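Visitor: Given the sequences, and given the hints that come with them, work out the whole structure.
First to last, the protein sequences are chains A and B. Be aware that the first sequence starts at 1, since it is given in my numbering, and climbs by one per residue. Be aware that the second sequence starts at 1, since it is given in my numbering, and climbs by one per residue.
Hints are not guaranteed to be accurate.
Put simply, identical chains are the same to the list, so a pair is met inside one copy or across any two.
Cut-off 27 Å, straight-line C-alpha distance, at most; resulting in silico cross-link-like pairs (DSSO-like, lysine-lysine) [to be verified]:
1) Lys184 / Lys283
2) Lys252 / Lys299
3) Lys283 / Lys16
4) Lys252 / Lys2
Note that these hints are calculated values from the structure, not bench results. The structure presented is a predicted model; accordingly, all values stated were derived computationally and were not measured.
Protein chains: 2
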Amino acid sequence: MKKGNKYGTHRVIEPKGVLPQPANKIDNNMDEIYDNEILIDVQTLNIDSASFTDISARAGGDHEKIKEIMFEIVATQGKHRNPWTGSGGMLLGTVERIGDALVGKTDLKIGDKIATLVSLSLTPLRIDNIKEIRDEVDQVDIDGKAILFESGIYARIPADLPEKLALSALDVAGAPAQTAKLVKPGDTVVIIGAGGKSGMLCCYEAKKRAGITGKVIGITHSQKSTDRLTTLGFCDHVFPADATQPVAVLEKIEALTSGQLADVTINNVNISDTEMTSILITKDTGVVYFFSMATSFTKAALGAEGVGSDVTMIVGNGYTRGHAEITLQLLRESEKLRNIFTELYA
Amino acid sequence: MKKGNKYGTHRVIEPKGVLPQPANKIDNNMDEIYDNEILIDVQTLNIDSASFTDISARAGGDHEKIKEIMFEIVATQGKHRNPWTGSGGMLLGTVERIGDALVGKTDLKIGDKIATLVSLSLTPLRIDNIKEIRDEVDQVDIDGKAILFESGIYARIPADLPEKLALSALDVAGAPAQTAKLVKPGDTVVIIGAGGKSGMLCCYEAKKRAGITGKVIGITHSQKSTDRLTTLGFCDHVFPADATQPVAVLEKIEALTSGQLADVTINNVNISDTEMTSILITKDTGVVYFFSMATSFTKAALGAEGVGSDVTMIVGNGYTRGHAEITLQLLRESEKLRNIFTELYA
Numbered sequence: 001m002k003k004g005n006k007y008g009t010h011r012v013i014e015p016k017g018v019l020p021q022p023a024n025k026i027d028n029n030m031d032e033i034y035d036n037e038i039l040i041d042v043q044t045l046n047i048d049s050a051s052f053t054d055i056s057a058r059a060g061g062d063h064e065k066i067k068e069i070m071f072e073i074v075a076t077q078g079k080h081r082n083p084w085t086g087s088g089g090m091l092l093g094t095v096e097r098i099g100d101a102l103v104g105k106t107d108l109k110i111g112d113k114i115a116t117l118v119s120l121s122l123t124p125l126r127i128d129n130i131k132e133i134r135d136e137v138d139q140v141d142i143d144g145k146a147i148l149f150e151s152g153i154y155a156r157i158p159a160d161l162p163e164k165l166a167l168s169a170l171d172v173a174g175a176p177a178q179t180a181k182l183v184k185p186g187d188t189v190v191i192i193g194a195g196g197k198s199g200m201l202c203c204y205e206a207k208k209r210a211g212i213t214g215k216v217i218g219i220t221h222s223q224k225s226t227d228r229l230t231t232l233g234f235c236d237h238v239f240p241a242d243a244t245q246p247v248a249v250l251e252k253i254e255a256l257t258s259g260q261l262a263d264v265t266i267n268n269v270n271i272s273d274t275e276m277t278s279i280l281i282t283k284d285t286g287v288v289y290f291f292s293m294a295t296s297f298t299k300a301a302l303g304a305e306g307v308g309s310d311v312t313m314i315v316g317n318g319y320t321r322g323h324a325e326i327t328l329q330l331l332r333e334s335e336k337l338r339n340i341f342t343e344l345y346a
Numbered sequence: 001m002k003k004g005n006k007y008g009t010h011r012v013i014e015p016k017g018v019l020p021q022p023a024n025k026i027d028n029n030m031d032e033i034y035d036n037e038i039l040i041d042v043q044t045l046n047i048d049s050a051s052f053t054d055i056s057a058r059a060g061g062d063h064e065k066i067k068e069i070m071f072e073i074v075a076t077q078g079k080h081r082n083p084w085t086g087s088g089g090m091l092l093g094t095v096e097r098i099g100d101a102l103v104g105k106t107d108l109k110i111g112d113k114i115a116t117l118v119s120l121s122l123t124p125l126r127i128d129n130i131k132e133i134r135d136e137v138d139q140v141d142i143d144g145k146a147i148l149f150e151s152g153i154y155a156r157i158p159a160d161l162p163e164k165l166a167l168s169a170l171d172v173a174g175a176p177a178q179t180a181k182l183v184k185p186g187d188t189v190v191i192i193g194a195g196g197k198s199g200m201l202c203c204y205e206a207k208k209r210a211g212i213t214g215k216v217i218g219i220t221h222s223q224k225s226t227d228r229l230t231t232l233g234f235c236d237h238v239f240p241a242d243a244t245q246p247v248a249v250l251e252k253i254e255a256l257t258s259g260q261l262a263d264v265t266i267n268n269v270n271i272s273d274t275e276m277t278s279i280l281i282t283k284d285t286g287v288v289y290f291f292s293m294a295t296s297f298t299k300a301a302l303g304a305e306g307v308g309s310d311v312t313m314i315v316g317n318g319y320t321r322g323h324a325e326i327t328l329q330l331l332r333e334s335e336k337l338r339n340i341f342t343e344l345y346a
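Guide: This is the structure we're talking about:
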């Protein structure tokens, strides 16, 4: 077997010298694998929501045309990076071969069912046949093969949880795992976008860590999500607010914390212009964790400087060691989480 | 005196409910001040470089036309936020009045000479007369007044350093002060963009903190800045590289650190697509501090996830408590820094 690079640069065809994600074309020949690669027999592609919506619109919703577009993307690039949205997704499949250099190093075995947690936008993929397109969940069942690089992250699908339930939580596994690392006993934690999928997981984990002497405040958007989160009982306070309005939200948080503000603010909301709200409601010595992909780097940096806040602002990293295990464990330990996830997402 | 809001929202005319920075128009009437404001008699506007370059281009370099544009900006907005670049700058002036509510709370006295370290893009400003335009340093001397809000940050101009020298360092005061907080004895620190103004300050501070058991590596761009930084002697290693090429830079850093990589990487370089390089050269347990305003939030977030790196990525905050004092002190204690700053910037 040929020696591969940890990050998969050995598969990059052009431009040379870049990593697989920004590459325009990567090698998706799977007849031979490199010594540090894992070959996956693919069952389902979980297309990124923005990507699937875009492809479906281009195809006018016609499944045969969706198939044509998908084949064309992979033929051109060797991977399924949507050329218009730039986004990928993840995949589900079974371990078929393990490169020689990984034997004894990886905990995977041939036959293990896994979900890759690295983006399809960098994953070598070959599609032999498209079997079924499930529009409502952006999933496509295929016959095909994919490569997981040595640095690629994955989760083994647990035997004791329904597959769809596990997948729905793995999709946002980074958020609750990072919350677990950040929140200390006694902390006041504000979660913006608390009523969504990652928001609910973060609220549960934050309360677990902050404990009885801490305080978890969930900011929601709709009345429906407010009622749902209130009923779950993970938060000390829940209120709906427009997170783009810093002054109004600040007044509310001041009232709920006797003017002390948050030690940790976790921003999960996928709309623009919520940086300033996140900064203002957080103590000078506190931390804002931005999980929202709508975060503007410059608005955050200049915003904090503009109001003289010494807050630490962290770029949300979707990966942290053990994030998949941590998140699946939450579904096992909380019946409430398991039920609401089953109802809404599985 | 009327009671003011800490962040200056009492000056916002429209749209209502936002902070002074995003506001389209703020109140620049200085005849009366609010109880928590400081009135400044302005001497010099230090226009943001992007803003000044833009205004000068629109005016075809003609000073009378530059004046017209500047008067028009302030007449429309009540502040000097360039409508095309969105950026501001800082100002230099003398404290003229202190609001009643700040007496005993602020350490400023009437007559103190200060530089405001909050952006002109949120500072109420009145220009009575434009006296001199100094193109080469983006500075404009005026007769006028400005308001510093209660949350506004500033630095007192020290008596023992030349004014221009002090200003040139205050402009980037956040970077070395954050370096001081991040770097621990024995750390390996890589500074990207090490040959520039903030880069040199960071290298000096990093070596001071990392100490004899630590290692500071400076990545520069041109041969000129490489030679200059090498001569200064703050770094253990200096090399020129294209920071947009992650694989090549990674190989170099692996060689210099026996494969151990960096504990702390500080990115000061103002070009795009350097996120991946910053992530790859940093340990899984390390920290990347992004000071570059060219940083893309999504490229950083998705980049780390794509290569399975658990690195902590921090959004550069131009403010941290004591940053002006910390940075001015560096110029006092290092003759080498003082000389190179005097030669290049003062």
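Visitor: Could you run down the list of hints and mark each one as holding or not?
Guide: Consistency of the hints with the structure:
Taking CA atoms no more than 27 Å apart as the test, Lys184 paired with Lys283 passes in both settings, with 15 Å inside one copy and 24 Å between copies. Proximity of Lys252 and Lys299 under a CA criterion of 27 Å is satisfied intra-copy only: 22 Å inside one chain copy versus 33 Å between copies. Proximity of Lys283 to Lys16 under the C-alpha cut-off of 27 Å is restricted to the inter-copy arrangement: shortest distance 25 Å between copies versus 46 Å within a copy. Taking CA atoms no more than 27 Å apart as the test, Lys252 paired with Lys2 passes between copies only; the shortest distance there is 23 Å, against 60 Å inside one copy.
Every hint from the earlier list agrees with this structure, and none is contradicted.
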